[in-house]
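Work the whole structure out from these sequences, hints included.
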Amino acid sequence: MKLTRYVLYDILRNKIVLLYAAFLFLITAGLFQLEENSSKAILSLLTIVLTVLPLVSLIFTTIHYYNSYEFIELMLAQPLSRTRVLLSEYFGLVLSLLGAFWLGVGLPVLFYSPDAIGISLLITGSLLTLVFISMALFTSVHARDKAKGIGLALLLWFYFSLIYDGILLMLLFALSDYPMEKLTLLLSALNPIDLARIVIMLKMDVSALMGYTGAIYKNFFGNAYGTIFTLGVLILWAAFPLGLAKRKFLKKDM
Amino acid sequence: MIVIENLYKRFGKLEVLKGINMQFNAGEVVSLIGPNGSGKTTLIKAILGLIKPDKGVITVNGATVNGSPAYRASIGYMPQIGRYPDNMKVGQLLTMIREIRNTSNQDTQLEEEFNMDLLCEKPLGTLSGGTKQKVNAALAFLFNPPVLILDEPTAGLDPLATEILKAKIAQEKKKNKLIIVTSHVLSDLQELTTHVAYMQEGRLIFKKDLPTLQRETGEEKLGLAIAQIMRQQKNTQG
Amino acid sequence: MSKVVFYFGVIFLLNSSVQGAVLLVGKNQTITSLNKAIQLAKEGDTIRILPGVYKEKNLVINKRLTLLGEGSPLFDGENKYEILLINANKVEVSGLSFDRSGYSAMNDFAAIKVIDTDSVTISNVQIFNAYFAIHVSNSTRTQIHDNDIIGSPASEQMTGNGIHLWKCSQAHIYNNNIRGHRDGIYFEFVTDSKIEKNFSRKNIRYGLHFMFSNSDYYGHNKFIDNGAGVAVMYSKNVTMLNNWFQQNWGASSYGLLLKDITDSHIEKNKFIRNTVGVLMEGSSRLQVKQNLFQANGWAMKVQASCDDNLFEKNNFIGNSFDIGTNGTLVLNKFTQNYWDKYEGYDLDRDGRGDIPHHPATLYSMLIEQNPTTLLLFRSFIVTLLDKAERAIPSLTPELLRDERPVMKQLLL
Numbered sequence: 564m565k566l567t568r569y570v571l572y573d574i575l576r577n578k579i580v581l582l583y584a585a586f587l588f589l590i591t592a593g594l595f596q597l598e599e600n601s602s603k604a605i606l607s608l609l610t611i612v613l614t615v616l617p618l619v620s621l622i623f624t625t626i627h628y629y630n631s632y633e634f635i636e637l638m639l640a641q642p643l644s645r646t647r648v649l650l651s652e653y654f655g656l657v658l659s660l661l662g663a664f665w666l667g668v669g670l671p672v673l674f675y676s677p678d679a680i681g682i683s684l685l686i687t688g689s690l691l692t693l694v695f696i697s698m699a700l701f702t703s704v705h706a707r708d709k710a711k712g713i714g715l716a717l718l719l720w721f722y723f724s725l726i727y728d729g730i731l732l733m734l735l736f737a738l739s740d741y742p743m744e745k746l747t748l749l750l751s752a753l754n755p756i757d758l759a760r761i762v763i764m765l766k767m768d769v770s771a772l773m774g775y776t777g778a779i780y781k782n783f784f785g786n787a788y789g790t791i792f793t794l795g796v797l798i799l800w801a802a803f804p805l806g807l808a809k810r811k812f813l814k815k816d817m
Numbered sequence: 006m007i008v009i010e011n012l013y014k015r016f017g018k019l020e021v022l023k024g025i026n027m028q029f030n031a032g033e034v035v036s037l038i039g040p041n042g043s044g045k046t047t048l049i050k051a052i053l054g055l056i057k058p059d060k061g062v063i064t065v066n067g068a069t070v071n072g073s074p075a076y077r078a079s080i081g082y083m084p085q086i087g088r089y090p091d092n093m094k095v096g097q098l099l100t101m102i103r104e105i106r107n108t109s110n111q112d113t114q115l116e117e118e119f120n121m122d123l124l125c126e127k128p129l130g131t132l133s134g135g136t137k138q139k140v141n142a143a144l145a146f147l148f149n150p151p152v153l154i155l156d157e158p159t160a161g162l163d164p165l166a167t168e169i170l171k172a173k174i175a176q177e178k179k180k181n182k183l184i185i186v187t188s189h190v191l192s193d194l195q196e197l198t199t200h201v202a203y204m205q206e207g208r209l210i211f212k213k214d215l216p217t218l219q220r221e222t223g224e225e226k227l228g229l230a231i232a233q234i235m236r237q238q239k240n241t242q243g
Numbered sequence: 008m009s010k011v012v013f014y015f016g017v018i019f020l021l022n023s024s025v026q027g028a029v030l031l032v033g034k035n036q037t038i039t040s041l042n043k044a045i046q047l048a049k050e051g052d053t054i055r056i057l058p059g060v061y062k063e064k065n066l067v068i069n070k071r072l073t074l075l076g077e078g079s080p081l082f083d084g085e086n087k088y089e090i091l092l093i094n095a096n097k098v099e100v101s102g103l104s105f106d107r108s109g110y111s112a113m114n115d116f117a118a119i120k121v122i123d124t125d126s127v128t129i130s131n132v133q134i135f136n137a138y139f140a141i142h143v144s145n146s147t148r149t150q151i152h153d154n155d156i157i158g159s160p161a162s163e164q165m166t167g168n169g170i171h172l173w174k175c176s177q178a179h180i181y182n183n184n185i186r187g188h189r190d191g192i193y194f195e196f197v198t199d200s201k202i203e204k205n206f207s208r209k210n211i212r213y214g215l216h217f218m219f220s221n222s223d224y225y226g227h228n229k230f231i232d233n234g235a236g237v238a239v240m241y242s243k244n245v246t247m248l249n250n251w252f253q254q255n256w257g258a259s260s261y262g263l264l265l266k267d268i269t270d271s272h273i274e275k276n277k278f279i280r281n282t283v284g285v286l287m288e289g290s291s292r293l294q295v296k297q298n299l300f301q302a303n304g305w306a307m308k309v310q311a312s313c314d315d316n317l318f319e320k321n322n323f324i325g326n327s328f329d330i331g332t333n334g335t336l337v338l339n340k341f342t343q344n345y346w347d348k349y350e351g352y353d354l355d356r357d358g359r360g361d362i363p364h365h366p367a368t369l370y371s372m373l374i375e376q377n378p379t380t381l382l383l384f385r386s387f388i389v390t391l392l393d394k395a396e397r398a399i400p401s402l403t404p405e406l407l408r409d410e411r412p413v414m415k416q417l418l419l
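Chains as they are written, first to last, in this note's numbering: chain A, 564 to 817; chain B, 6 to 243; chain C, 8 to 419.
Hints listed in this document are in silico derivations from the structure and should not be mistaken for laboratory results.
A couple of the hints might just be wrong.
Unchecked claim - Taking lysine-lysine and the DSS-like style, the derived pairs with C-alpha atoms no more than 30 Å apart in a straight line are:
1. A:K815 with B:K18
2. A:K781 with C:K277
3. B:K173 with A:K814
4. A:K781 with C:K266
5. B:K18 with A:K711
6. B:K94 with A:K565
7. A:K766 with C:K394
8. A:K578 with B:K137
9. C:K275 with A:K766
10. C:K34 with C:K70
11. B:K180 with B:K127
12. B:K173 with B:K212
Written as structure tokens, this is what we have:
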């Protein structure tokens, strides 16, 4: 925890996180101010949570990791375990980015729209932040140079926010003659952004989801098991890359 | 104190350490020398656990390097180039390391002699190379460790600071500590040296004490003795 | 309102002009059964029924009588019998309770059945656990008001309708509270009638269901949480004003289903949180104005079989999809609606958007073809596809657009 404090301090010193928080705050508060009804503001916020948040988490983590290389090296020459050093970095990043998210998005949402949609937006946004910090840490630990690391991070972002869904869309049309509902449940779990989106959609589009196959998703995700499943899978999505990053970090030559 | 057995390391295609066997004992001041790329820094990083060897074992005071990180508490390390977080202030760095080490057995002599208190509020990113070296040195000696590993310690230091450091090393030598100093040429620390370890292309060519070396080469001065050996090496290779 | 007063006036006049005798029915009276009282009563008499439980069956009123319940006397059909049949003009029934009228697969058993009458009034009656509650056929000027009808919802086959009218005209049905039946209110071949201020909820099928019923007026009714919402079929000259259609959820559930409806007005209604607010099939010349569509799955689905309809000055707010359609042919006009999804601008500051709004998105078309793609709703790729489609329309009907959408929510 001592280490985390210094990591956090280091991150806050370079002001980018503060800018990020201010940016989120301006956008969020602006949306609520400008839009006549909060549902439309929430809709725009959803886009931010599902696209900007993962992107910023990935890029920021990657850049921070490479910039902290010296610090990490210094720590590792001390009687500290590698796991502890890596986790300190992780929690430092998590605390700073989550802090920015809650300041920038959390406060305005709690003020303007503290309903089920708003709350689920904040929870999934927080989980997505954890997930993408983990992923970026994983790629950063693997790739030796910064350019490659950022490239990988961008690729991950493209994959999870666009490519995966594109493939899924094609797949759904290609296999439209088959009952795909169960399979799509599974497929959605393979993309944390999709999973987060579905959680919010369940709150936001209750009416639409009651029609067609929507009822299946509603039945599955809408009950307590579904919620536990979704949160569980999102947490796995955060834990798994972090575990892999740790494994690599333990063996890594500095 | 430090035992290295059959140590191998390769980075991709490049084999950096090719089976090092070596022992360092308390009371020794070892000059670890060799040309650039001979594997000195890799060896030191292996001792510190910063790189993971492909094969071989290192023990420090009986503890294997791959196990608990606790053994590093007995090592003071002065890296070749001080690489620190740019935004961190000197004072914070010292506080942080103190918090991590969490020991009352502190030796603030260098910290005082280098006037670290004047630098406290300066971010590490703004420091000159020489000043960073002072910070490195102060940190390495801060916890009064039984083992000191100094990687090119005098490079970049001004003459005054060099003298302070030298005096400090001499003082620690008397306390029966193990001090390992690397350099690619023989530095101005040669008068303190008790042993010379010579590495070339990933191999330890020899580790000998000073009298033996002088006897074998017939040279009184350490610098000349080393030069003599280097010449011999070239000849045998050529 | 004036019409209601008028009706009351007429009833009052008829009552006072021909005052008959008053018969008392009660456990401790000389007449202990309603059946007996009906037989004793003469044309124009009033029967007052005192509190108590009466196990009577197949009562038939074949002369002009007034039945007045005091303290809600309860008629129990023991799940076997039809209770009351009215087969005379100007009969009034009020203040009675009915429970457990029988079920029959062969006949439409009802708590109260009205056949071939004129000016029958049923008011302040409570009906529980009936198969059909009030079943009216071939009657004119029937008044049904202030009744509470609570069914015990079983399957669609095992439960009849709450208020059921067949081949009637000039009926006036108001202030009734109906739930737990198959259809709350059911009309077939009913004309020139008014249905007002009824509250129909939690019925198995439709809150209101009418077919072949022309020139009827529906106002200020609430239809909430019914199995399939409200269905309106094969009728013309229908006016639906100020009704609430709320929370009708399900795969084939609609706030309002319009099938083959022509020359009708649907105005100032509120469609809130339905899977589909309005589904229109084969309907023409409808005026859909000043309605609120909020938080529905689809605000409206307008099938290509509809033409010549006008959608004007409606508010579309927070719906998942505003307009869905199944074809590219659009013969309807959208104008001056408020769309919260409108992304245009108003440079000349006249309160109307300067570029047209296309309420049907590419994705709303895709999802019609392949419902499984609902999984990708609100994803980045869908947003991109929709934006691309908006720039260069290829699959969405180019003519499905509001030329002059308003910038601010309309005050309705």
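Now for the hints, and whether the structure bears them out:
For a cut-off of 30 Å, the pair hint linking A:K815 to B:K18 stands: about 17 Å separates their Cα positions. Of the supplied pair hints, the one linking A:K781 and C:K277 holds, its CA atoms being roughly 25 Å apart against a limit of 30 Å. The straight-line distance between the Cα atoms of B:K173 and A:K814 is roughly 36 Å, outside the 30 Å bound, and the hint therefore fails. This hinted pair checks out: A:K781 and C:K266 have alpha carbons roughly 29 Å apart, not beyond 30 Å.
Of the pairs offered as hints, the one joining B:K18 and A:K711 holds, with about 21 Å between alpha carbons and a cut-off of 30 Å not exceeded. The straight-line distance between the Cα atoms of B:K94 and A:K565 is roughly 16 Å, inside the 30 Å bound, and the hint therefore holds. Simply put, A:K766 and C:K394 have alpha-carbon atoms about 24 Å apart, close enough for the 30 Å limit, and the pair holds. Under the criterion of a C-alpha separation no larger than 30 Å, the hint pairing A:K578 with B:K137 is consistent with the structure, at around 25 Å.
Distance hint between C:K275 and A:K766 is fulfilled; the C-alpha atoms sit about 28 Å from each other, no more than 30 Å. Restraint check for C:K34 and C:K70: satisfied, since their Cα atoms lie roughly 24 Å apart, inside the 30 Å limit. Between B:K180 and B:K127, the direct Cα distance comes to roughly 33 Å. Violation of the 30 Å bound is thereby established for this hinted pair. For the hint pairing B:K173 with B:K212, the CA-to-CA distance comes to about 24 Å; that is within 30 Å, so the pair holds.
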